[in-house]
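Asker: Listed below are the residues making up each chain.
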Amino acid sequence: MMKKKPLSKLYLAIILLFLYLPIVYVVVFSFNDSRSLTHFTGFSLEWYEKMFGNQMMMDAIYYTVIIAVIATVVSTIVGTITAIGLSKSRRLIKESITQINNLPMLNPEIVTAIGLMLFFTALNIRLGFITLLLAHIIFCIPYVILSIMPKLRQVDDNLAEAALDLGCTPFKALYKVIIPQILPGIISGALIAFTMSFDDFVISYFVTGPGINNISTYVYTSVRRIDPTVNALSTLIVIAITAILIVVNIVPLIKERKFKKHEEIY
Amino acid sequence: MKSFRRMVYPYIIWAGIFIVIPMLMIVFYAFSKEGNAVMTVSFTLDNFIRFFSDSIFVNVLLRSLKLAIITTIICIVIGYPCAYFMAQLKPNSQTLMVLLVTFPMWINMLVRTYAWRGLLIESGLSPELKVYIGMIYNFLPFMILQVYTSLSKMDRDLITAAHDLGCDNKKAFLKVTLPLSVPGIISGITLVFLPAVSSFFIPRLLGGGSYVLVGNLVENYFVTTGDWNFGSAISLIMTVVILISMYFTRKFDYSKEDR
Amino acid sequence: MKKFISLLLTLAMALTLGACSSDDADAGNNEYGCDVLNVYNWGVYIGEDVINNFQDEFNVKVNYSLFESNEAMYTKILGGSHYDVLVPSDYMIERMIEEDLLQPIDKNIVTNLDNLYDGVLNKPYDPDNTYSVPYFWGNVGIVYDKTIVSEDDVVSQEWEVLRNEKYKGQIYMYDSERDSFMVALKALGYSMNTENEDEINEAYEWLVELDQKMEPAYATDEAIDGLIFGEKAMGVMYSGDAAYILSENENMAFYAPEKSGTNYWNDAMVIPSNADCPGLANEFINFVLEYDQSYDNAATVGYASSNAEVLADMTAAGGDFEGNDAYIPREQNDKDEVFRNNEPVREMISELWIKVKNS
Numbered sequence: 001m002m003k004k005k006p007l008s009k010l011y012l013a014i015i016l017l018f019l020y021l022p023i024v025y026v027v028v029f030s031f032n033d034s035r036s037l038t039h040f041t042g043f044s045l046e047w048y049e050k051m052f053g054n055q056m057m058m059d060a061i062y063y064t065v066i067i068a069v070i071a072t073v074v075s076t077i078v079g080t081i082t083a084i085g086l087s088k089s090r091r092l093i094k095e096s097i098t099q100i101n102n103l104p105m106l107n108p109e110i111v112t113a114i115g116l117m118l119f120f121t122a123l124n125i126r127l128g129f130i131t132l133l134l135a136h137i138i139f140c141i142p143y144v145i146l147s148i149m150p151k152l153r154q155v156d157d158n159l160a161e162a163a164l165d166l167g168c169t170p171f172k173a174l175y176k177v178i179i180p181q182i183l184p185g186i187i188s189g190a191l192i193a194f195t196m197s198f199d200d201f202v203i204s205y206f207v208t209g210p211g212i213n214n215i216s217t218y219v220y221t222s223v224r225r226i227d228p229t230v231n232a233l234s235t236l237i238v239i240a241i242t243a244i245l246i247v248v249n250i251v252p253l254i255k256e257r258k259f260k261k262h263e264e265i266y
Numbered sequence: 001m002k003s004f005r006r007m008v009y010p011y012i013i014w015a016g017i018f019i020v021i022p023m024l025m026i027v028f029y030a031f032s033k034e035g036n037a038v039m040t041v042s043f044t045l046d047n048f049i050r051f052f053s054d055s056i057f058v059n060v061l062l063r064s065l066k067l068a069i070i071t072t073i074i075c076i077v078i079g080y081p082c083a084y085f086m087a088q089l090k091p092n093s094q095t096l097m098v099l100l101v102t103f104p105m106w107i108n109m110l111v112r113t114y115a116w117r118g119l120l121i122e123s124g125l126s127p128e129l130k131v132y133i134g135m136i137y138n139f140l141p142f143m144i145l146q147v148y149t150s151l152s153k154m155d156r157d158l159i160t161a162a163h164d165l166g167c168d169n170k171k172a173f174l175k176v177t178l179p180l181s182v183p184g185i186i187s188g189i190t191l192v193f194l195p196a197v198s199s200f201f202i203p204r205l206l207g208g209g210s211y212v213l214v215g216n217l218v219e220n221y222f223v224t225t226g227d228w229n230f231g232s233a234i235s236l237i238m239t240v241v242i243l244i245s246m247y248f249t250r251k252f253d254y255s256k257e258d259r
Numbered sequence: 001m002k003k004f005i006s007l008l009l010t011l012a013m014a015l016t017l018g019a020c021s022s023d024d025a026d027a028g029n030n031e032y033g034c035d036v037l038n039v040y041n042w043g044v045y046i047g048e049d050v051i052n053n054f055q056d057e058f059n060v061k062v063n064y065s066l067f068e069s070n071e072a073m074y075t076k077i078l079g080g081s082h083y084d085v086l087v088p089s090d091y092m093i094e095r096m097i098e099e100d101l102l103q104p105i106d107k108n109i110v111t112n113l114d115n116l117y118d119g120v121l122n123k124p125y126d127p128d129n130t131y132s133v134p135y136f137w138g139n140v141g142i143v144y145d146k147t148i149v150s151e152d153d154v155v156s157q158e159w160e161v162l163r164n165e166k167y168k169g170q171i172y173m174y175d176s177e178r179d180s181f182m183v184a185l186k187a188l189g190y191s192m193n194t195e196n197e198d199e200i201n202e203a204y205e206w207l208v209e210l211d212q213k214m215e216p217a218y219a220t221d222e223a224i225d226g227l228i229f230g231e232k233a234m235g236v237m238y239s240g241d242a243a244y245i246l247s248e249n250e251n252m253a254f255y256a257p258e259k260s261g262t263n264y265w266n267d268a269m270v271i272p273s274n275a276d277c278p279g280l281a282n283e284f285i286n287f288v289l290e291y292d293q294s295y296d297n298a299a300t301v302g303y304a305s306s307n308a309e310v311l312a313d314m315t316a317a318g319g320d321f322e323g324n325d326a327y328i329p330r331e332q333n334d335k336d337e338v339f340r341n342n343e344p345v346r347e348m349i350s351e352l353w354i355k356v357k358n359s
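Residue numbers (my numbering), protein chains in the order written: chain W, 1 to 266; chain V, 1 to 259; chain F, 1 to 359.
Same shape as in the complex, but just chain W (with noise of 0.2 Å):
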């Protein structure tokens, strides 16, 4: 095996040069000063200025982090609420709400839109920003469910049984014995309906109403014509995710020294 390790770098190095093209494409003719797409004809602003003057790119933008921030709040409190209620309770209801939860994780998105559209539709509700975030909290919280889950199942129930002896409310036994311990399992949670939220293409195109796009729907409808202009957008997004996937993973190895400290006490 020793041997052919440097065959196995190659490979991998071969893979994520395919996986990084793409990306690095876009970032290099970001900077193009022409509307060439195969030929770098030199380095400037131009489609950046023109970006940050686009009306309907920014509100795009704005409005992809507005439903992603609310989304991700409101299905992650909806979530872990309701995935502690669940470890609780009577197999029969937890079996059928696992069930009912994997039908948007399993369904293809696009029936999962079709039938959030048909729905809003029937209902006579407009389309546009309440059900684009309507259905964007709809299909995060089952994923926040399903990472919290295994986090309750390691928790130890004569803690908050024990907590509520002692005299703590509920809320208190919940607030401080349960919520701490599944907090990992909350944090992925919201991590993930995040990101979901934010890439969302599909029911997004189903469900949003006029004038109301986030980026994906904006690039799906109005990249018919080479627009250089998405490629400084595509750059934008890619530096932000960067930053944020820094701080995600920094953050939580100080926290784990912290921890590791803490336990150290004990």
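Keep in mind that the hints were calculated from the coordinates and are not lab data. Positions of the beta carbon are idealized from the N, C-alpha and C atoms, including for glycine. A few of these clues could be false.
Restraint ranges, calculated between C-beta atoms of paired labels, are given here [claimed, not checked]:
| no. | chain 1 | residue 1 | chain 2 | residue 2 | range |
| --- | --- | --- | --- | --- | --- |
| 1 | V | V58 | F | K107 | 45 to 55 Å |
| 2 | W | F171 | V | W14 | 56 to 66 Å |
| 3 | V | T160 | W | I239 | 41 to 51 Å |
For lysine-lysine, the following BS3-like pairs were computed, each having C-alpha atoms within a straight-line distance of at most 30 Å [unchecked claim]:
| no. | chain 1 | residue 1 | chain 2 | residue 2 |
| --- | --- | --- | --- | --- |
| 4 | V | K90 | V | K170 |
| 5 | W | K151 | V | K251 |
| 6 | W | K255 | V | K66 |
| 7 | V | K251 | V | K171 |
| 8 | W | K5 | V | K153 |
| 9 | F | K335 | F | K123 |
| 10 | F | K123 | V | K66 |
| 11 | V | K175 | W | K9 |
| 12 | F | K335 | F | K146 |
| 13 | W | K5 | V | K175 |
Short, incomplete list of chain W residues facing chain V, as computed with Cβ under 10 Å [stated by the list, open to error]:
| no. | residue |
| --- | --- |
| 14 | G79 |
| 15 | I81 |
| 16 | K88 |
| 17 | I93 |
| 18 | P108 |
| 19 | I138 |
Based on these hints, arrange chains V and F on the given structure of chain W.
Answerer: Leaving out everything else, chains V and F in the frame of chain W:
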């Protein structure tokens, strides 16, 4: 503790309204005809007859299945060695590789597909080939990560044991490593095959209008033609086909484990 | 944890409030009773500054959305979406008038109608422009690369050149049932508004043969860049897009078949009957008719303007499209037709079109 149970009730109502009812609405639309008001609904199989009596529609469905199957197979063929080599690395390098493979997935799929459009615009490749590249690109990381997870969980001692019992590298791989990574492959298949069958923006952006898949049919009947009944029927057919394929994949998994 | 949640909540609240304040605009209290205008238009079909200029001048917010086909737009409207200004094509306007989906233009507000070019007024889809104000107009033809495709072939064979096997693998067909059937029907010498099923079936066969013989790429706007970057050598194109292609790539030429004729079309601004803000919609339409805005539109998009003065300036010496064959569509040709609305035929060709592409 039982008081916590009540915390689940609001979501039961929520899920009933926002998950179950929309699904039922698709079924309702699929089995009714245009212009049917809810009050005067009449059950009809017309939409399904229309789909299956026309070889064009069936061909599009078969083409989508073919594309999804080939994409899945290529993802396994390319992704498995990658995951395997990753699992051989030093722990720190492993973490780094996982991060590097995950990173592109965080960037909007549409944005990455759009990038391929620019990359391939002067390539002269056929629309079909471009769609394949886009599909493999988007779904490969899922496969790599799933297989990697199952490989990294594997107990190294098993391989040592196999060697001790006289297996050469190849045999140890075939008899120990590969069977133990099957669950990873299966969940990889789920994550690749499922979205590949129903995908509609990858063929749309990379194949132009020339490469129609079943997802594009659904989009077409909902967005352009406005025939929601037929569109619902197509999406129902698609869902059933996917469920059946998933059933067989899972079955394959279990039968392996039984042995 | 507490801090984390409260931080998130604060952030969410702040953003929600931000969202609300922009939504509050709905209940504006200026003379129009609203200060958000929903405009629904084709992709790449407006000047770079028109929206901003309008927002500044009227102190309102414009929500601008894009559609990619008349049918997609129509479906959205039927689905209950409320827009204030739409820019559909002739036959779609005719259909929407028939179905009572439009409201008359308020000519007390839209006073700039005099700026319009005479050639675009009073067309059969809306005989005295009660409901629609022309926006862009043009015809359809073939854009080809002079270095690869012989001009003689194009001019002598007209639409039939699309089935000339010399150019196999080199062509773009327009990915819309209406335009493709127009090409086939015209090539066969029929009217593009025919209701005769045999003729339509013949056109279907024509397209199937093209599909099998030529291996065309079906595309709409994608073909514009494809032709500019030389991905293919020939394509069916709208005149305005053709003008843009010609201005970007000098090897390209445009020909609108004369003997067989082509589609002469108009896109016009209309106000749906369920518009939330018709007063402002009329103001917007009037605003677009101004010289500066029309000029910005025409210069950005490349289509023939409906504004007479802009149209003249664009092709005059020193204009953006001086000497560009594709810019001004010809007007006097008996073989050219305007699309009419015909529901049964539309359904028939839409089904046939899916079959052509998958044959």
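Asker: Can you name, in rising order, the numbers of the hints this structure does not satisfy?
Answerer: As far as the earlier hints go, 2, 6 and 10 are violated by this structure, in ascending order.
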